[in-house]
Amino acid sequence: MIFCDPRRLRSRGIMGMNQRNISYIGRYNPRSLYKQVDDKLITKQLALKAEIATPDLISVISEQHEISDLAQRLAGQTGFCIKPAQGSGGKGILVITKVEDGKFFKPSGGEVSLSDMERHCSNILAGLFSLGGKNDVAVIEALIRFDPVFEGISYEGVPDIRLIVFKGFPVMGMLRCSTHASDGKANLHQGAVGIGVDIANGQAIRAVQYDEPVQLHPDTSKDLHAVQVPHWDRLLELASGCYEMSGLGYLGTDMVLDSERGPLLLELNARPGLAIQIANDQGLLPRLRKIEALGDQTFSVEERIAKAKEWFGGQAPN
Amino acid sequence: MSRKPFYFLIFLLIASGFGYNLYRHKVDHIPFFPGSVQTTWTVEARITYNANGPVEATLALPTDPAFTLLSESAASPGYGLSMTEDQSGRRATWTTRNASGSQELYYTANLVPNGYDLLDDHATEYTVPNLVWDEGLDTAAQTVIAKAWDQSANNRSFALQLAKLVANPEQQQNVALLLARYEPAALLNRLLQTAGVPSQIVYALNLEDGRRRQALRAWVEVQDGENGYLFNPESGTEGRPDNLLLWQRHGNSVLELTGGSNSSVTFSMIEDTRPALATALDMMSAAAQERGLSLYNLPLEEQSLLRGLFLIPIGVLVVVFLRVLIGLKTSGTFMPVLIALAFIQTKLLTGLVGFLLIVACGLVLRSYLSNLNLLLISRISAVVILVLGIIAAFTLLAFNFGLTEGLTITFFPMIILAWTIERMSILWEEEGPKEVFVQGGGSLLVAVITYLAMDNDLVRHWAFNFLGIHLIVLALILVMGQYTGYRLLELRRFRPLAEDKQ
Numbered sequence: 001m002i003f004c005d006p007r008r009l010r011s012r013g014i015m016g017m018n019q020r021n022i023s024y025i026g027r028y029n030p031r032s033l034y035k036q037v038d039d040k041l042i043t044k045q046l047a048l049k050a051e052i053a054t055p056d057l058i059s060v061i062s063e064q065h066e067i068s069d070l071a072q073r074l075a076g077q078t079g080f081c082i083k084p085a086q087g088s089g090g091k092g093i094l095v096i097t098k099v100e101d102g103k104f105f106k107p108s109g110g111e112v113s114l115s116d117m118e119r120h121c122s123n124i125l126a127g128l129f130s131l132g133g134k135n136d137v138a139v140i141e142a143l144i145r146f147d148p149v150f151e152g153i154s155y156e157g158v159p160d161i162r163l164i165v166f167k168g169f170p171v172m173g174m175l176r177c178s179t180h181a182s183d184g185k186a187n188l189h190q191g192a193v194g195i196g197v198d199i200a201n202g203q204a205i206r207a208v209q210y211d212e213p214v215q216l217h218p219d220t221s222k223d224l225h226a227v228q229v230p231h232w233d234r235l236l237e238l239a240s241g242c243y244e245m246s247g248l249g250y251l252g253t254d255m256v257l258d259s260e261r262g263p264l265l266l267e268l269n270a271r272p273g274l275a276i277q278i279a280n281d282q283g284l285l286p287r288l289r290k291i292e293a294l295g296d297q298t299f300s301v302e303e304r305i306a307k308a309k310e311w312f313g314g315q316a317p318n
Numbered sequence: 001m002s003r004k005p006f007y008f009l010i011f012l013l014i015a016s017g018f019g020y021n022l023y024r025h026k027v028d029h030i031p032f033f034p035g036s037v038q039t040t041w042t043v044e045a046r047i048t049y050n051a052n053g054p055v056e057a058t059l060a061l062p063t064d065p066a067f068t069l070l071s072e073s074a075a076s077p078g079y080g081l082s083m084t085e086d087q088s089g090r091r092a093t094w095t096t097r098n099a100s101g102s103q104e105l106y107y108t109a110n111l112v113p114n115g116y117d118l119l120d121d122h123a124t125e126y127t128v129p130n131l132v133w134d135e136g137l138d139t140a141a142q143t144v145i146a147k148a149w150d151q152s153a154n155n156r157s158f159a160l161q162l163a164k165l166v167a168n169p170e171q172q173q174n175v176a177l178l179l180a181r182y183e184p185a186a187l188l189n190r191l192l193q194t195a196g197v198p199s200q201i202v203y204a205l206n207l208e209d210g211r212r213r214q215a216l217r218a219w220v221e222v223q224d225g226e227n228g229y230l231f232n233p234e235s236g237t238e239g240r241p242d243n244l245l246l247w248q249r250h251g252n253s254v255l256e257l258t259g260g261s262n263s264s265v266t267f268s269m270i271e272d273t274r275p276a277l278a279t280a281l282d283m284m285s286a287a288a289q290e291r292g293l294s295l296y297n298l299p300l301e302e303q304s305l306l307r308g309l310f311l312i313p314i315g316v317l318v319v320v321f322l323r324v325l326i327g328l329k330t331s332g333t334f335m336p337v338l339i340a341l342a343f344i345q346t347k348l349l350t351g352l353v354g355f356l357l358i359v360a361c362g363l364v365l366r367s368y369l370s371n372l373n374l375l376l377i378s379r380i381s382a383v384v385i386l387v388l389g390i391i392a393a394f395t396l397l398a399f400n401f402g403l404t405e406g407l408t409i410t411f412f413p414m415i416i417l418a419w420t421i422e423r424m425s426i427l428w429e430e431e432g433p434k435e436v437f438v439q440g441g442g443s444l445l446v447a448v449i450t451y452l453a454m455d456n457d458l459v460r461h462w463a464f465n466f467l468g469i470h471l472i473v474l475a476l477i478l479v480m481g482q483y484t485g486y487r488l489l490e491l492r493r494f495r496p497l498a499e500d501k502q
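Quick note, the sequences are listed as chains R and W, same order.
The numbers in the working numbering rise by one with no breaks, and the one at position 223 of the first sequence is 223.
The numbers in the working numbering rise by one with no breaks, and the one at position 72 of the second sequence is 72.
Be aware that a few hints might be false.
Derived BS3-like pairs: lysine-lysine, alpha-carbon spacing no greater than 25 Å straight-line [said to hold, decoys possible]:
hint : chain 1 : residue 1 : chain 2 : residue 2
1    : R       : K106      : W       : K347
2    : R       : K91       : R       : K106
3    : R       : K134      : R       : K44
4    : R       : K290      : R       : K307
5    : W       : K329      : W       : K434
6    : R       : K103      : R       : K44
7    : W       : K347      : R       : K91
8    : W       : K329      : W       : K347
9    : R       : K134      : R       : K91
10   : W       : K329      : R       : K91
11   : W       : K329      : R       : K134
12   : R       : K35       : R       : K106
Read the hints as simulated data drawn from the structure, not as lab findings.
Working from the sequences, and respecting the hints, build out all of it.
The following block contains the structure:
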């Protein structure tokens, strides 16, 4: 059978795309707040105000004529990434990990010339990567020096931690590790590995690539199930705080661990994907309903994390 | 939030959609299926007489509620012709100052049976004249009437009893006596009127394909309440056969002639089948003068444009279905609908080949533009011009090789193609050729499915002739917008989660 029984999925509380769109995104995410998360620059400013740490901003290119200053603005940087502020699905993110004699190198070792980067910025400004083709700005951020604990579980890229935060409660988490196939990007549909992690302690539960379970990293053969995410409590606090910061009820937070600065908020996502369910081998619906059942009470970040750990932690696959 | 108003809206849309479609079928006679045919009758009345001097000939024209007049014409060289309508029905009048010798006048009508078999158009009751019977016949008539009166309950059953008696004179001497004097129809009518029952003689034609030189037959119509009932005095039965055309119901005579002699009217008829839709449209256009507002009154060019546009809701419905219920991804939300519209013009195979050729050539040329480091807007514009060039080149090539199918390539929407090429090209650079084939193939698959849904005769017929279908489509789209269940492809995607543990 190519298809599975929808009743089985329902009984396991697996959420489908339509239900996500109508019952959660449509209901808990006010349209007017989308801009805050769709525009990474605004997210960054909000995070600054809410004292949530984010990667250092090197420069913002918002006008076409500024592109000629690109070389000057990048002078002295040894690694950075150029992103469209309103990009979606990881599109248009150019990561440079090495700069040598005025030449730039991608994580895969591929060389990128300055004019390539200028064209890339020009594309970003013209809105090629933004939703609906709106004009956009290019954001240049400092490269994350990723925490050595992740050595070997991510290939040519920084692993990031995705937490689904529902009304401020972290409900499900996963670690996304790039692979050769994903070209250094942490997007699961591009071939990155997703590792479901226990909400209580950040311990890996299970790993998937292309929606199928895997045990070892396809490039480094490191055991993915042995991963333990450090700074877990700080990550939970960071993610949970994004609820107050953004006002969005159903939120995906993408965070990274920097070896020097610790957990940083990379970006927020108002339409987080559903692959996290496969990575965790768990449906989102039972957890979301548990929180919906609380009604309109307000809780502090600490209370929310404590409750989330109690309810959703330790659900290792049986 | 209460869902009731929403479901009420859905119900309203569906109900009015179905209601309007039913109205179109029942009242405007638009057939449900595009291939339906409708029988029509062409009846020709031929009037012959001898004349010398000024002539005025008046012919009663068919006034039968069971037939709709599609068109009529009269051939009468040298005669002035006028059609008049008064209480006694429609009549055609031919006039001339100077006619000599044998004359022929023709009147031809195209009639469509409409299945309406009630004679309920009586505005006023017939007046019953006071009749006087000849000495000796009076008693016979009274006896017959008394017998039928005893065995009946109302005008209708009384008429039926009388008709039976008139049709079987061998059982009743009195009837035989009366028939020696009167024709059966005239006798039946006379007997009815003597008894005070409103009735009249009507002249009708038996329609039979290919018959010539037919004469009108006399029937008797009896009024009972608002309805009229037809009786056949020859067989003594009630009711009208399907192929009976009532030619003259009111007034005195079928043909009135002044200035001529030796006149006769004969009828020829042909049965014809033609598309039911065309017949319905002809009938509507006859009525359209009064109603005015109709799509069919538009010039043909605008009509055919609208015909195309009315397919879009169907295409959109298919795309919504494929995205919401199946879960297919497309590049550009409604790009497949526009490609499918182009396929309708080009036909599927030429369309597919043309589309792939244009996009492939576009991708090759676009890869050169990549190196030029252009602003997006100028690059897209350049691609638009390139697409135009590719289309022109292929059209020219196709023409020179004699491939007339290739000429239809011009129907592809250029801007859409340019954007498709741009998106594919970016996708190629960012995610490699595999993703281009997956997404491009997906969009093309949706376009082909959409095309198949739009390009069939039934859908075209319904989309243009039953506009209510669009309300139903709207309702379906609204309902699908509320669907929170799994998409078909999610059942495959989440399959690992449904597998049994241990």
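Hint check:
1. R:K106 with W:K347: violated, 46 Å
2. R:K91 with R:K106: Given that 25 Å is the threshold and the Cα spacing comes to 15 Å, the pair holds.
3. R:K134 with R:K44: holds, 20 Å
4. R:K290 with R:K307: Between K290 (chain R) and K307 (chain R) the Cα gap is close to 11 Å, so the pair holds against 25 Å.
5. W:K329 with W:K434: holds, 15 Å
6. R:K103 with R:K44: violated, 29 Å
7. W:K347 with R:K91: It is violated: about 36 Å lies between the C-alpha atoms, which goes past 25 Å.
8. W:K329 with W:K347: Holds, because 24 Å separates the two Cα atoms, which is no more than 25 Å.
9. R:K134 with R:K91: holds, 14 Å
10. W:K329 with R:K91: holds, 17 Å
11. W:K329 with R:K134: holds, 22 Å
12. R:K35 with R:K106: violated, 30 Å
Comparing the model with each earlier hint shows violations of hints 1, 6, 7, 12; every other hint is respected.
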